[in-house]
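With the hints as extra help, turn the sequences into a complete structure.
Quick note: the sequence shown uses this note's numbering, first residue 380, plus one each step.
No wet-lab data here; the hints were simulated from the structure.
Mixed in with the good hints, there may be bad ones.
[Said to hold, decoys possible] Computed cross-link-like contacts, SDA-like style, restricted to lysine to any residue with a CA-CA straight-line distance of at most 25 angstroms: (1) K469 x P575; (2) K469 x I539; (3) K469 x T517; (4) K469 x P424; (5) K469 x G452; (6) K469 x V560; (7) K469 x M380; (8) K469 x R577; (9) K469 x P392; (10) K469 x T430; (11) K469 x D550; (12) K469 x I523; (13) K469 x P459; (14) K469 x F533; (15) K469 x G425; (16) K469 x T529; (17) K469 x E407; (18) K469 x T486; (19) K469 x R545; (20) K469 x S534; (21) K469 x L543; (22) K469 x S511; (23) K469 x R515; (24) K469 x E582.
[Said to hold, decoys possible] Computed spacing ranges between beta-carbons, pair by pair: (25) E489 x N414: 43 to 51 angstroms; (26) Q457 x R412: 14 to 22 angstroms; (27) R468 x E556: 55 to 63 angstroms; (28) G522 x R468: 48 to 56 angstroms.
Quick caveat: nothing in here was measured; it's all calculated off a predicted structure.
Don't be surprised by glycine CBs; every beta carbon is placed ideally from N, CA and C.
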Amino acid sequence: MSVHLLLSAGRGPQECAWALARLLRRLEADATRQNVETRRVESVPGERPDTYRSVLIHISGAGAEAFAASWTGTLCWQAPSPYRTTTSRKNWYVIAQPCQVDISRTTFTEADVDVVACRTGGPGGQHRNKASTAVRATHRPSGIVVVVDTERQFSLNRRIAMRLLRQRVEDGDEATERAAVTGRWRIHDELVRGNPIRVERLEKSPS
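This is how it looks when you write it as C-alpha coordinates:
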(Lines of atoms letter the chains of each structure in order from A; the text may use other names.)
(Lines give C-alpha, C1' and ligand atoms only; values in the text may rest on other atoms or scores of the structure.)
Protein backbone atom coordinates (compact mmCIF):
# COMPACT_ATOMS: atom_id res chain seq x y z
CA MET A 380 0.00 0.00 0.00
CA SER A 381 1.33 3.45 -0.86
CA VAL A 382 0.22 7.06 -1.17
CA HIS A 383 1.75 10.33 -2.31
CA LEU A 384 1.55 13.33 0.01
CA LEU A 385 2.29 16.86 -1.16
CA LEU A 386 3.48 19.40 1.40
CA SER A 387 3.24 23.01 0.29
CA ALA A 388 4.05 26.39 1.81
CA GLY A 389 1.46 27.85 -0.54
CA ARG A 390 1.91 31.55 -1.13
CA GLY A 391 3.06 32.16 2.41
CA PRO A 392 6.19 34.11 3.44
CA GLN A 393 9.67 32.60 3.50
CA GLU A 394 9.10 31.49 7.09
CA CYS A 395 6.50 29.00 5.78
CA ALA A 396 9.15 27.44 3.55
CA TRP A 397 11.41 27.26 6.60
CA ALA A 398 8.59 25.66 8.60
CA LEU A 399 7.94 23.11 5.84
CA ALA A 400 11.52 21.79 6.07
CA ARG A 401 11.15 21.28 9.81
CA LEU A 402 7.70 19.72 9.55
CA LEU A 403 9.03 17.39 6.89
CA ARG A 404 11.72 16.11 9.23
CA ARG A 405 9.12 15.60 11.97
CA LEU A 406 6.96 13.65 9.53
CA GLU A 407 9.88 11.44 8.48
CA ALA A 408 10.83 10.78 12.12
CA ASP A 409 7.22 9.90 12.90
CA ALA A 410 7.16 7.51 9.93
CA THR A 411 10.29 5.75 11.20
CA ARG A 412 8.69 5.25 14.61
CA GLN A 413 5.61 3.73 12.95
CA ASN A 414 7.59 1.49 10.55
CA VAL A 415 6.35 3.38 7.52
CA GLU A 416 8.73 4.17 4.67
CA THR A 417 8.98 7.65 3.14
CA ARG A 418 10.83 8.86 0.07
CA ARG A 419 11.16 12.41 -1.23
CA VAL A 420 10.09 12.28 -4.87
CA GLU A 421 10.23 15.95 -5.85
CA SER A 422 11.07 19.15 -4.06
CA VAL A 423 11.03 22.86 -4.83
CA PRO A 424 13.59 24.72 -2.70
CA GLY A 425 12.85 28.03 -1.04
CA GLU A 426 14.85 31.21 -1.37
CA ARG A 427 16.93 30.49 1.71
CA PRO A 428 19.07 27.44 2.58
CA ASP A 429 17.30 24.46 4.12
CA THR A 430 13.83 25.64 3.11
CA TYR A 431 11.23 24.21 0.72
CA ARG A 432 8.29 25.73 -1.11
CA SER A 433 6.92 22.21 -1.67
CA VAL A 434 7.91 18.57 -1.29
CA LEU A 435 6.22 15.50 -2.76
CA ILE A 436 6.61 12.41 -0.57
CA HIS A 437 5.95 8.77 -1.40
CA ILE A 438 4.70 6.88 1.66
CA SER A 439 4.62 3.10 1.62
CA GLY A 440 4.03 0.25 4.02
CA ALA A 441 1.18 -1.54 5.74
CA GLY A 442 -0.03 1.63 7.48
CA ALA A 443 0.74 4.11 4.69
CA GLU A 444 -2.82 5.39 4.19
CA ALA A 445 -3.54 5.80 7.91
CA PHE A 446 -0.19 7.52 8.42
CA ALA A 447 -0.79 9.92 5.51
CA ALA A 448 -4.26 10.70 6.87
CA SER A 449 -2.75 11.63 10.24
CA TRP A 450 -0.62 14.27 8.47
CA THR A 451 -3.26 15.50 6.02
CA GLY A 452 -4.55 19.04 6.43
CA THR A 453 -3.12 22.32 7.70
CA LEU A 454 0.10 21.90 9.69
CA CYS A 455 1.57 24.54 11.96
CA TRP A 456 5.17 25.10 12.97
CA GLN A 457 5.26 27.27 16.07
CA ALA A 458 8.44 29.26 16.55
CA PRO A 459 9.74 32.83 16.24
CA SER A 460 10.78 33.93 12.78
CA PRO A 461 14.46 33.22 12.11
CA TYR A 462 14.54 36.05 9.57
CA ARG A 463 12.54 38.93 11.05
CA THR A 464 13.12 39.92 14.66
CA THR A 465 10.51 42.66 14.38
CA THR A 466 7.54 40.35 13.86
CA SER A 467 5.67 38.85 16.78
CA ARG A 468 4.10 36.12 14.65
CA LYS A 469 5.03 32.59 15.73
CA ASN A 470 2.61 30.39 13.76
CA TRP A 471 3.71 29.34 10.27
CA TYR A 472 1.34 27.22 8.21
CA VAL A 473 1.87 24.46 5.66
CA ILE A 474 -0.68 22.31 3.84
CA ALA A 475 -0.36 18.55 3.30
CA GLN A 476 -2.69 16.76 0.89
CA PRO A 477 -2.66 13.35 -0.83
CA CYS A 478 -2.38 13.62 -4.59
CA GLN A 479 -2.45 11.38 -7.63
CA VAL A 480 0.89 10.87 -9.30
CA ASP A 481 1.11 7.41 -10.86
CA ILE A 482 -1.28 7.54 -13.81
CA SER A 483 -1.43 4.18 -15.57
CA ARG A 484 -1.58 4.34 -19.34
CA THR A 485 -4.19 2.22 -21.11
CA THR A 486 -2.71 -0.51 -23.31
CA PHE A 487 -4.82 -0.59 -26.45
CA THR A 488 -5.28 -3.98 -28.08
CA GLU A 489 -7.83 -4.99 -30.69
CA ALA A 490 -8.72 -8.01 -28.57
CA ASP A 491 -10.41 -5.57 -26.16
CA VAL A 492 -12.67 -4.21 -28.91
CA ASP A 493 -16.13 -5.56 -29.79
CA VAL A 494 -16.93 -4.96 -33.47
CA VAL A 495 -20.47 -5.20 -34.80
CA ALA A 496 -21.67 -4.65 -38.37
CA CYS A 497 -24.62 -2.28 -38.56
CA ARG A 498 -26.67 -0.24 -40.98
CA THR A 499 -26.76 3.55 -40.99
CA GLY A 500 -28.73 6.04 -43.00
CA GLY A 501 -27.43 8.95 -45.02
CA PRO A 502 -25.93 9.28 -48.50
CA GLY A 503 -24.41 6.30 -50.22
CA GLY A 504 -27.36 4.52 -51.72
CA GLN A 505 -29.14 1.37 -50.74
CA HIS A 506 -25.94 -0.70 -50.94
CA ARG A 507 -24.84 0.47 -47.46
CA ASN A 508 -28.18 -0.25 -45.87
CA LYS A 509 -28.54 -3.73 -47.31
CA ALA A 510 -24.92 -4.82 -46.88
CA SER A 511 -24.49 -3.47 -43.32
CA THR A 512 -21.04 -2.15 -44.09
CA ALA A 513 -20.99 0.31 -41.16
CA VAL A 514 -19.03 -0.58 -38.03
CA ARG A 515 -19.90 -0.08 -34.39
CA ALA A 516 -16.77 -0.62 -32.28
CA THR A 517 -16.71 -0.64 -28.47
CA HIS A 518 -13.53 -0.53 -26.40
CA ARG A 519 -14.57 -2.59 -23.37
CA PRO A 520 -12.03 -1.30 -20.76
CA SER A 521 -12.92 2.37 -21.33
CA GLY A 522 -16.46 2.05 -22.67
CA ILE A 523 -15.64 4.29 -25.64
CA VAL A 524 -17.86 3.63 -28.69
CA VAL A 525 -17.40 4.78 -32.28
CA VAL A 526 -19.58 4.23 -35.33
CA VAL A 527 -17.96 4.48 -38.78
CA ASP A 528 -19.79 4.34 -42.11
CA THR A 529 -17.62 6.54 -44.30
CA GLU A 530 -16.52 3.69 -46.60
CA ARG A 531 -18.49 1.14 -48.63
CA GLN A 532 -16.36 -1.76 -47.40
CA PHE A 533 -16.74 -3.20 -43.91
CA SER A 534 -13.01 -3.88 -43.60
CA LEU A 535 -12.12 -0.25 -44.32
CA ASN A 536 -14.66 1.05 -41.83
CA ARG A 537 -13.30 -1.39 -39.25
CA ARG A 538 -9.77 -0.12 -39.80
CA ILE A 539 -10.90 3.48 -39.37
CA ALA A 540 -12.85 2.57 -36.23
CA MET A 541 -9.77 0.97 -34.64
CA ARG A 542 -7.70 4.04 -35.41
CA LEU A 543 -10.34 6.35 -33.91
CA LEU A 544 -10.66 4.22 -30.79
CA ARG A 545 -6.91 4.13 -30.24
CA GLN A 546 -6.73 7.92 -30.57
CA ARG A 547 -9.62 8.51 -28.16
CA VAL A 548 -8.13 6.15 -25.58
CA GLU A 549 -4.80 8.00 -25.79
CA ASP A 550 -6.61 11.36 -25.55
CA GLY A 551 -8.41 10.11 -22.44
CA ASP A 552 -5.14 9.11 -20.77
CA GLU A 553 -3.62 12.49 -21.55
CA ALA A 554 -6.67 14.29 -20.12
CA THR A 555 -6.35 12.23 -16.92
CA GLU A 556 -2.67 13.14 -16.61
CA ARG A 557 -3.42 16.84 -17.12
CA ALA A 558 -6.14 16.70 -14.47
CA ALA A 559 -3.71 15.09 -12.00
CA VAL A 560 -1.12 17.81 -12.59
CA THR A 561 -3.78 20.52 -12.25
CA GLY A 562 -4.92 18.93 -9.00
CA ARG A 563 -1.41 19.06 -7.57
CA TRP A 564 -1.04 22.74 -8.49
CA ARG A 565 -4.42 23.53 -6.92
CA ILE A 566 -3.18 22.23 -3.56
CA HIS A 567 -0.74 25.15 -3.36
CA ASP A 568 -3.71 27.55 -3.22
CA GLU A 569 -5.76 25.56 -0.70
CA LEU A 570 -3.73 26.46 2.38
CA VAL A 571 -6.02 27.60 5.18
CA ARG A 572 -4.29 29.45 7.99
CA GLY A 573 -5.73 28.50 11.35
CA ASN A 574 -7.36 25.37 12.78
CA PRO A 575 -4.31 23.16 12.11
CA ILE A 576 -4.60 19.42 12.54
CA ARG A 577 -1.06 19.39 13.96
CA VAL A 578 1.02 21.95 15.84
CA GLU A 579 4.73 21.20 16.06
CA ARG A 580 7.34 23.27 17.83
CA LEU A 581 11.00 23.25 18.75
CA GLU A 582 11.79 20.71 21.39
CA LYS A 583 13.23 22.22 24.52
CA SER A 584 16.58 20.92 25.62
CA PRO A 585 16.44 19.14 28.97
CA SER A 586 17.68 21.37 31.78
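Among the hints numbered above, which are violated by the structure, and what are their numbers in rising order?
2, 3, 6, 7, 11, 12, 14, 16, 18, 19, 20, 21, 22, 23 and 27
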